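J.: Using the hints, position chain S against chain E.
There are 2 protein chains.
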Amino acid sequence: MDASGLTVPEGYAPKNETSLPGYLAGLPAVAARLGGGESDWQVREVGDGNLNLVFIVEGPAGGVAVKQALPYVRLIGESWPLPLSRAHFEHMALTTEAKHAPGLVPEVLHYDETLALIVMELLQPHIIMRQGMIKAIRYPRFVEAITDFMARTLFFTSDLAQPAAEKKAAVAAFCGNSALCKITEDLIFTEPYMIAENNRWTSPQLDGIARAFREDAALKVAISRLKVKFLSDTQALIHGDLHTGSVMVTQEDTRVIDPEFAFYGPMGFDIGAIIANLLINYFSQDGHATPEDPREDYQAWVLETVEGVWTGFREKFLALWRQGVQSGGAGGDAYPAPLFADGASAEALEAERAAYLDRLFADSLGFAAAKMTRRILGLAHNIDLEWIEDPDLRAACETRCLTLARDMMVNTATYTKIEDVTAAARAMRGSAPA
Amino acid sequence: MDASGLTVPEGYAPKNETSLPGYLAGLPAVAARLGGGESDWQVREVGDGNLNLVFIVEGPAGGVAVKQALPYVRLIGESWPLPLSRAHFEHMALTTEAKHAPGLVPEVLHYDETLALIVMELLQPHIIMRQGMIKAIRYPRFVEAITDFMARTLFFTSDLAQPAAEKKAAVAAFCGNSALCKITEDLIFTEPYMIAENNRWTSPQLDGIARAFREDAALKVAISRLKVKFLSDTQALIHGDLHTGSVMVTQEDTRVIDPEFAFYGPMGFDIGAIIANLLINYFSQDGHATPEDPREDYQAWVLETVEGVWTGFREKFLALWRQGVQSGGAGGDAYPAPLFADGASAEALEAERAAYLDRLFADSLGFAAAKMTRRILGLAHNIDLEWIEDPDLRAACETRCLTLARDMMVNTATYTKIEDVTAAARAMRGSAPA
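Going down the list, the protein sequences come from chains E and S. According to this note's numbering, the first sequence holds residues 1 to 434 in order. According to this note's numbering, the second sequence holds residues 1 to 434 in order.
Next comes chain E alone, as it looks inside the complex:
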């Protein structure tokens, strides 16, 4: 324990701009990448996330990013302790993701368990995708990359590909990440639907819809069913926080960062997170558009992207599954190949694959709706919406987003294809008060 009563291991201390270079100088591979000597290195603390310290270190030859966990939630302070072990889980997840989706996560250069610190390649000139989207920048390679990332990380850690004993060991290895899961359980699946100190929203404009959500019995049953799935379904290793703030992009390259919420959970939680954050951006554009900078075309691109994400994911996931069976089984214990060798059974399996993806689609829409709601009524908000200065305008965008979310969560079965979602989003803007 340190003075504040937070538990930290012997040898742990938060790094700062002064102490970091000396530490990095002791890591030959890192020092070589930076070039020169430690006095030549520029260090900036840039953590704009909610939880951790993040440093960018640049030397004559190149740069690195350093992420270090604090024993509490940075956004809140020492009153909200959070275990350093999240760095351990982030490192494990990064390693697994790099294996299954090479080139789509930052390269890890060094991991220090005691310091809860990860040194990674510096992604340059990447920016956080959400920042780019607020400026209406298109990312033509995003759909291809994110569908690769999701299809590959989710498929290869599911029972379709991972042998049961190996998967159970991996499930166990991530069970210790329960403090991070608890944040999700509380902030996404619970608090937005009740009176809770953490909640905030555009007030008084959204007071009515916030109350309506808290009093909506069907909605509270729906969110609770999703929570049960989050609590107990170990479908695959999920990123656990896959919003557009966890994606770094250029026009050429896409990287998924920050998997500290990773654990074995429902796949739809990741897919839903991407869809939700795209839809939030879509609705937010009405708050950023000006006569000189209209956003209609960009909004059309965002909805195309939503469609591309689901369609691309679905096709790639199915292709991996089919490939696995063709090669005599992908190694997983689910849907064992010998049962589906004859023609009629192979056909039935192909229909079941489609049904499996339909169930996953429904899960994804429910989780997407949960994410859209928490970003407007809960603790953590999106700058897509927060940066709309006029509160009436912001509230109008938020109301459309919440109205769609409510319908997606309660009437999930009426959305049978992704085009139903994008059509509903379009209709929501057409019919909502401007």
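Everything labelled a hint here was simulated from the structure, so no lab data went into it. Note that the structure is a prediction, hence the values are computed from the model and not measured. Be a bit skeptical, because a hint or two may be false.
[What the hints assert, rightly or not] To list a few chain S residues with every Cβ distance to chain E over 12 Å, as calculated: (1) Asn16; (2) Asp253; (3) Tyr415.
[Said to hold, decoys possible] Some chain S residues near chain E, calculated using beta-carbon distances under 10 Å: (4) Glu107; (5) Val108; (6) Leu160; (7) Lys182; (8) Arg214; (9) Lys227; (10) Lys316; (11) Leu320; (12) Gly324; (13) Gly331.
Beta carbons are placed, not taken as given, at the ideal position from N, Cα and C, and that holds for glycine.
T.: Okay, now just chain S, sitting in the frame of chain E:
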């Protein structure tokens, strides 16, 4: 490793009638329960199960049962290695079950991790329930006890009652039992539906139906969906092998033994195991009935028991859930109490509880069907059927059981209440060739 290449820890050796008394003499509590000295103790090896050594030790003052794991499957021999750690998981499960369902499992007197050995109270004059049922003995207290056992062990280890972090730790603690899970995955969810060396059935009488099962694409999709649930849903700590051979009974007392297959899995697997084994016995009675010993009345009792098991379980599970919420939450993170405090939400939650139990009912019927099938077409058979000497008569009973199982698994949704199952079982006997 010992000479055969099986891995055992330093200090492990199988006990026998000669070496056991000296070992027990070193355990004061056990020695006191037996009374006298070790030379006064009678030891019998009675293991009639498939996996382990089981000794009954009796002394002047009382008796104990000793169960020791072997590093292989006893039924098969050293060619099928199986980790000793199953004793560790059995002990953990017994401890958890004793906490939640006191008086319904044998008391553990001593556990030796190195020897993979558990000393338990001797259940006397209990017999294995399956043996009693073959003789048409009724157990008037069984429904009350087994519904208590299932409702309490499953509810209190589910997300309805166990806080998420504690549950994740428990999930992790049981993930290591993957070798035992693998037996279930292979022998119940896979092999009966394909050509496999382990399979056997009453031949040639069942050759046709065995082939029909192997060629039944809808059935293979259905069993595979159940397998996915078994592989990935950590709904609660399940016994994992809850057939009538794992229940010891008298007219007064009921105890559940042998939870070495325990892990966090789908609740319906336990409930289905009980229902399946009752239905197997029901169909088997036509092979045991004689003019002097008709079994119609007993069969009626068996079906009443099937109905009582589901109805009793459902009511008790619901009562625990309602109680939890009334007392401000049972401690679990699912369906958080603050979301359902107002009248309309409380009503919606009550409807959702019914829907939750409906989903669990469907799961249970699917798993029951899987168990009925594997006991006729797979490796391990039930003496209920095996003891019918006339193969034609046995095959007729087995065919009815398989026909019902196939319908329960593929057309699960047509069974909306337990009386639909018992009616179908009755109809199966009425219409099947005698």
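J.: Looking at Tyr415 (chain S) again, its CB stays over 12 Å from all of chain E?
T.: Nearest chain E Cβ is 20 Å from Tyr415 (chain S), so the label holds.
J.: Mind checking the CB of Leu160 (chain S) against every CB in chain E and telling me if the closest is under 10 Å?
T.: holds, 9 Å
J.: Minimum Cβ distance from Lys227 (chain S) to chain E below 10 Å?
T.: Result: holds, 6 Å to nearest chain E Cβ.
J.: Measuring from the C-beta of Glu107 (chain S) to each C-beta in chain E, is the shortest one below 10 Å?
T.: violated, 29 Å
J.: Per the CB criterion, is Leu320 (chain S) less than 10 Å away from chain E?
T.: violated, 16 Å
J.: Given Gly324 (chain S) as an interface hint, is the shortest Cβ-Cβ distance to chain E below 10 Å?
T.: violated, 14 Å
J.: For the hint on Val108 (chain S), does the least C-beta distance to chain E fall short of 10 Å?
T.: Violated - the Cβ of Val108 (chain S) stays beyond 10 Å from chain E, reaching only about 24 Å at its closest.
J.: Holds or violated: the hint that Arg214 (chain S) contacts chain E, with Cβ atoms closer than 10 Å.
T.: Holds, because the Cβ-Cβ distance from Arg214 (chain S) to chain E comes to roughly 8 Å (cut-off 10 Å).
J.: Per the stated criterion, does the least C-beta distance between Asp253 (chain S) and chain E lie above 12 Å, as a non-interface residue requires?
T.: holds, 33 Å
J.: So, as I understand it, the hint says Lys316 (chain S) touches chain E; can you test that by seeing if any CB pair is closer than 10 Å?
T.: Nearest chain E Cβ about 20 Å off; hint violated.
J.: Please verify that hint: Gly331 (chain S), Cβ, nearest Cβ of chain E, below 10 Å or not.
T.: Check failed: Cβ of Gly331 (chain S) comes no nearer than 13 Å to chain E, outside 10 Å.
J.: Verify this label for me: Asn16 (chain S) is non-interface relative to chain E, using a Cβ-Cβ cutoff of 12 Å.
T.: Consistent with the label, Asn16 (chain S) stays out of reach of chain E, its closest Cβ about 32 Å off (over 12 Å).
Violated hints for the displayed structure, listed by number in ascending order: 4, 5, 10, 11, 12 and 13.
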